[in-house]
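Chains as they are written, first to last, in my numbering: chain A, 1 to 528; chain B, 529 to 831; chain C, 832 to 1125.
Read the hints as simulated data drawn from the structure, not as lab findings. All figures in this text were calculated on a predicted structure; none of them were measured in a lab.
Covered, in the sense of this in silico footprint (three residues per stretch, anywhere, with C-beta under 8 Å from a C-beta of chain C), are these stretches of chain A:
{"id": "1", "region": "44-58"}
{"id": "2", "region": "66-73"}
{"id": "3", "region": "88-94"}
With a straight-line cut-off of 20 Å between C-alpha atoms, the simulated EDC-like cross-links for lysine to aspartate or glutamate are:
{"id": "4", "chain 1": "B", "residue 1": "K573", "chain 2": "A", "residue 2": "D463"}
{"id": "5", "chain 1": "A", "residue 1": "K304", "chain 2": "C", "residue 2": "D887"}
{"id": "6", "chain 1": "A", "residue 1": "K83", "chain 2": "B", "residue 2": "E766"}
{"id": "7", "chain 1": "A", "residue 1": "K393", "chain 2": "C", "residue 2": "E891"}
{"id": "8", "chain 1": "B", "residue 1": "K573", "chain 2": "A", "residue 2": "D89"}
{"id": "9", "chain 1": "A", "residue 1": "K517", "chain 2": "A", "residue 2": "D140"}
{"id": "10", "chain 1": "B", "residue 1": "K584", "chain 2": "A", "residue 2": "D463"}
{"id": "11", "chain 1": "A", "residue 1": "K245", "chain 2": "A", "residue 2": "E230"}
{"id": "12", "chain 1": "B", "residue 1": "K767", "chain 2": "A", "residue 2": "E79"}
{"id": "13", "chain 1": "A", "residue 1": "K245", "chain 2": "A", "residue 2": "D497"}
Quick list of the computed label-pair ranges, beta carbon to beta carbon:
{"id": "14", "chain 1": "C", "residue 1": "F897", "chain 2": "B", "residue 2": "L615", "range": "40 to 50 Å"}
{"id": "15", "chain 1": "C", "residue 1": "F1043", "chain 2": "A", "residue 2": "T177", "range": "45 to 55 Å"}
{"id": "16", "chain 1": "A", "residue 1": "G432", "chain 2": "B", "residue 2": "G672", "range": "35 to 45 Å"}
{"id": "17", "chain 1": "C", "residue 1": "A1106", "chain 2": "A", "residue 2": "E133", "range": "47 to 57 Å"}
{"id": "18", "chain 1": "C", "residue 1": "D880", "chain 2": "A", "residue 2": "N307", "range": "11 to 21 Å"}
{"id": "19", "chain 1": "B", "residue 1": "K584", "chain 2": "A", "residue 2": "E180", "range": "52 to 62 Å"}
{"id": "20", "chain 1": "A", "residue 1": "A33", "chain 2": "B", "residue 2": "K584", "range": "35 to 45 Å"}
{"id": "21", "chain 1": "A", "residue 1": "E35", "chain 2": "B", "residue 2": "Y565", "range": "32 to 42 Å"}
{"id": "22", "chain 1": "C", "residue 1": "A853", "chain 2": "B", "residue 2": "G581", "range": "54 to 64 Å"}
{"id": "23", "chain 1": "B", "residue 1": "A821", "chain 2": "C", "residue 2": "V941", "range": "16 to 26 Å"}
{"id": "24", "chain 1": "A", "residue 1": "K342", "chain 2": "C", "residue 2": "T971", "range": "18 to 28 Å"}
{"id": "25", "chain 1": "B", "residue 1": "A616", "chain 2": "C", "residue 2": "A853", "range": "16 to 26 Å"}
{"id": "26", "chain 1": "A", "residue 1": "S461", "chain 2": "B", "residue 2": "G581", "range": "24 to 34 Å"}
{"id": "27", "chain 1": "A", "residue 1": "K429", "chain 2": "B", "residue 2": "I617", "range": "55 to 65 Å"}
A virtual CB, placed ideally from N, CA and C, is assigned to each residue, including glycine.
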Amino acid sequence: MKRNRNGVAVPVFAFLAAALAAQGASAQAKISAKERTLTVMLSENANQPVKEFAPAQQEIFRNTNIKIHFEPVPASNYEDKKKILLATDSLPDIISVKQQDLNDFGSTGVFLPLTQYLKDMPNFRKFWEAIPEIRSTLVDGELYAFPVVARGEARNGPGPVIRMDLLEKHGIPVPRTWDELLSALAKLKAIYPDSVPWSVRKANNPIPRLINTTMYMLGSGAGTTGIYYEGDEKSGRYVFGPATKEFKEGLRFLARAFEAKVLDPDYAVTTSQQWTQNLTSGRSFFFNDNSGFGLNYTNDLRKKEPNAKLQVIPIPANSNGARRAEFFNTRLSGISFAINAKTKDPRTVIKFIDWLYSKEGSDITNFGVPGQTFTLDAKGEPRFVPSYVDKFKDARPSPYYAIYSDLGITKLNFSLWAVNTVSQFQIEKLTGTWSPLYDDYWKIVDADAAYRDPVMDPPLSSDEAERAKEILASLSTMLAQEYDKFIMGVKPVDQYDEVIRNARKMGSEELEGIYNKALARLRASMKG
Amino acid sequence: MLFGPDVGMKLRRSGYLYLIFALPFIYYLVFHYAPMYGILIAFQKYNIVKGIGGSKWVGFLHFGRFLSDPYFWKLVRNTLLLNIYNLAISFPAPIVLALLLNEVRSNGVKRFVQSVSYLPHFISTVVVCGMVVNFLASDGPIYGLIAGFGGKPSNFLLDPRWFRTIYVVSDVWQTIGWNSIVYFAALCTIDQELYEAALMDGAGRFSLVRHITLPGIMPTISIMLILALGKLMTIGFEKIILLYNGSTYETADVISTYVYRRGLLGADFSYATAVGLFQSVIGLVLLATANKAAKAVGETGLW
Amino acid sequence: MNSQKKLGSRAFDVANLIALAALVFVTIYPLYYIGIVSISDGTAVNRGDVRLLPVDPTFEAYLTVFRNKDIWRAYSNTIIYTVAGTLINLFFSSLCAYPLSRKDFYGRSVFTFIIALTMFLSGGMIPLYIVVRKLRLIDTMWALVLPGAVNTFNMIIMRTFFQGIPASLHESARIDGANDIRVLRSIVLPLSMPIMATMTLFYAVQHWNSFFNALIYLNTKAKYPVQIMLRNIVVASEFADQQADIGSVSTNFNVVAQNYKYAVIMITVLPIICAYPFLQKHFAKGAMIGAIKG
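Extracted from the complex, chain A is given alone in its bound form:
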């Protein structure tokens, strides 16, 4: 497959797109014989308010005779409402869920079992066959929700971002190993004594953000709960990071960073707000987090320092000489739409969902109204109409969010084959917010072979999940109290061996066993 500049495979079935576009919607029979309203509950991001019956939904109605009635719930409390609706079996027709919900409630029968309908879904089947990860979403062998497939998503992940302008200004070479990074930041600290070179934001997952983003690069790993996947896709296995020697060495590095006063002394309590402030005020020069943020921060920095440049660097090599990092998942977006088991006439709903997976449905749910807000280019790919985009040039918080909200489109709305970066880049280029820095950014990340695609966790049986939860509840509480002691130098790193022993006593090896057994099951099923 050809790879374009963003490292994305050009869809092989582009010819289908041209054919469909030529045919036009009115020529085919509508999905639903008579008008039907489907209630869809999804999470509403504060930056992109959900409009009722926006142009995209109107277009959907015109094509399929199905009206979408949204029940948007603020993202801040989506989990609360979803849990109650699930627990009282009061779901709307279609509801946005995460894998955790499928694991928790799949077997209870609230969701419509979908495997039986696969044969009637030509469009979805293409993804089912092309993306093996979808098998990881099965619960007890049954598919309970339709995953939102990412379309043309540019890949990136947590990465190291540093003030390139300051490196240049003071003649410090771009670090290529973590040790070099440490000395580069130490040099900057000496020049700017009031700074905190490496800023981190805290997260309240069982694993602190600093460890979550950095450990894998340093040679160990911790994922979001401690369990992570080590090795290549075919032959790797699950390891409970915090109970390994490699993790200890990673802690040793972080302890050195802390002692050298390179790592923010407040790293364990800094909020997102403060983190942003540190980087945009010039108090900090480096972070290892979602690297895309560097571009936003650079814009803010430049209002006071026109030459400031926070840019991502290739992943530095760790003490084993290896460079490793992990992309965010770019084939499946992590969200799925489940169908209420009690919904009327499920066949129509299934047909409708399948249409949303088609090129035509996807174009509408991601770009709006054909001919008015988007047109198809020579390759059959949708492009926004510049005059429409122009109306939102000065919109807040950003032109693309305003457009998405106005039209009712893209990943944060109701789309099953959804774009995010494709549309964003188009809009940014049309409104002039795109800068050469962005090009550089994507080039660097794309060319960096250190990144690997993330591995989706295998489905656990409900007993296994129960046991895993039981172990993790106390294990992660014990560990959470230990990390900072070693990083901040309260206890010497060599004493971490005792923590490892404790973790093993509390069940870390059993946990690994559970995951690896499930992994073996998954691999066996994929072969057959």
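With chain A fixed as given, assemble chains B and C onto it according to the hints.
The following block gives chains B and C in isolation, referenced to the frame of chain A:
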């Protein structure tokens, strides 16, 4: 005793009162007692689709799991201690404020201070905690103050010994004004003539407070205290989640935060309900005890 | 002797004022800070430049909030819910508190116990939702005002105040032939203005700030009260880190600007501050005593 000789007459005398009471009582039956069967979830392996009627019974399994959790005692201890510290400071503070305000002669000043003092109540917890974090940060005012006095500052949010103080102080700040409103209203109901008579007898200001003001609002204080004691085993998780971190789990991790973290790993309604029931039952016992104690010393009880 | 007393008294007054002034400063400064951040330029706020005065003042944050048409409709929803809810609250709470305040109410202890029990024992959200659903109240205003018609805590405070009304008043009304309903309406309530004002304030603020019940029971966006949208803005990115988000696509810069968040807070707080003075006149001393005399 329930069916003594005068029952008939007593019932008739309360006739109209029953009429008045009927509506709110129905409300309680419908919206509080009808849903109470939900407590049964604590004794089941709850399945959503099967509902409470069809789910499997597991008896005290969840309670057992909770009580045998390695962290159980720590969580209980932290919950209790945090509440007790809070009670010790956050409870009297609004009373003191109401009394102090009462002594101010100018009505304008009184109103102004009162209006301003309750403003923090309206700032949501999330923002308050953000402010606390900013305040204690390494580039914040506390650091500056300590360094200015020649000390070696450290971030108090990382020190488990300071967590309770931070929690209580921010709580007092947020609630002192709002909670004083009740006491202020209570002060309004005190008979002015009592003051006038006492003043004519030559009583001093503190004497007035001790013998008239305090006894005047004692019923309110008593009830509030009993209710507060009933809540000793319960503490909300939102604020703690925003202020704690791994280093402070030792003092900051309470029952609700532990259950919350557990919920992140996978929903478990039965377990959460069981823990909640455990807290409620203990709370009830505490409430009943506090009520008895209050009545024993001659104060107004709850029932 | 008298001059000593006067000196002590004066000293106390001065100390009192100083303490109160300190309190005022400590409570006003954070709100002042929120105010100046809300009218400062977004980038300056991100950089942490705002300390004592607004930087590059602009009302942009407020304009953005108000340009959102949903907010206006949500605001009117909130006002309706608050007014209706508070009236229902006052009605039900008084009807509940009054009988319980009467010593001659047969069964008083038992009823109080049954009601107080509900503060501790609760079936939880799940069965309550089912009850509300069975009553067909889902997605209606009634789901917001009925389940909370009586806040037991508030009701108990009300009862305490009612108990403070001297029995002699009841007796004289009784002798005049009034039944209990008339006593409540014509004697007890008028004498209880301080507590009714307090309760109005408590309940109204509760409704004004409430978002959880609306979140759970309302499904149609057009019916949402304003707190739901505002909270989404204020909390954005605070708890986002909490979710174990494996594989979330990255470039969504989800952080909401702080000046925007703070503008939202100001919008929520200001109406209450303006409404409070109207209630304050009922916090007058001796409101009841006049009745005894007259």
